[in-house]
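Residue numbers (the working numbering), protein chains in the order written: chain Z, -13 to 101; chain L, 1325 to 1438.
Some clues are possibly wrong.
[Claimed, not checked] Some, not all, of what chain Z presents toward chain L, calculated at C-beta under 7 Å:
(1) S29
(2) L30
(3) I79
(4) F92
Simulated from the structure, these hints should not be mistaken for laboratory data.
Idealized CB from N, CA, C, for every residue including glycine.
Residue strings, one per chain:
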Amino acid sequence: GAVVSQHPSRVICKSGTSVKIECRSLDFQATTMFWYRQFPKQSLMLMATSNEGSKATYEQGVEKDKFLINHASLTLSTLTVTSAHPEDSSFYICSAHYTGTGLEFFGPGTRLTVL
Amino acid sequence: KQEVTQIPAALSVPEGENLVLNCSFTDSAIYNLQWFRQDPGKGLTSLLLIQSSQREQTSGRLNASLDKSSGRSTLYIAASQPGDSATYLCAVHGGSSNTGKLIFGQGTTLQVKP
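Using the sequences and the hints given, assemble the complete structure.
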């Protein structure tokens, strides 16, 4: 089956630092990946669409300079939270679109805690 | 703008009961609809995918229906078990093509008591 991994699974950092989260499709290629954020007891909110070889598309209200996305290969997208603040603490989940199946395969998520 | 709503927000049932989770969406022009399961602190597992041209899908004890014209979907769980305890999320592909862009409901947190 199609597997998506995320690294790290959990990160704690100090306010003002930058954190990079990786999303990898392990056994398929994904020209499109998606980044979601989930606050406690809330649903997933789409942050941005990551397109291989081109700029990411951000949803309304998401700061592109704060959440840097790079999709350098067909199996890897990275999300960098720059100058993180406590309000950025959340569960970040990526998904990879498996072309031809119409299915999204989700990573296990990354828990970010900013102190 | 597409909005997805799930009712109830939480549900607690004794083991063995059959139950129905509800999902509604405001724009009927969807490409497909998916039901996911999320365990606490974990990612999402896809349960069922219903294409816009389909009325229902079944997998084991799970059955999902879709009524696109009324903007509704239901997830039916038969003979519930404690292992079914999780949050169930409904998501639609916004728009008329398979863009991969999902819009999620708030989820229904299910607890099945032994």
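Hints, verified against the model:
1. S29: 4 Å, holds
2. L30: 5 Å, holds
3. I79: 6 Å, holds
4. F92: 4 Å, holds
Every hint, counting from the list given before, is met by this structure.
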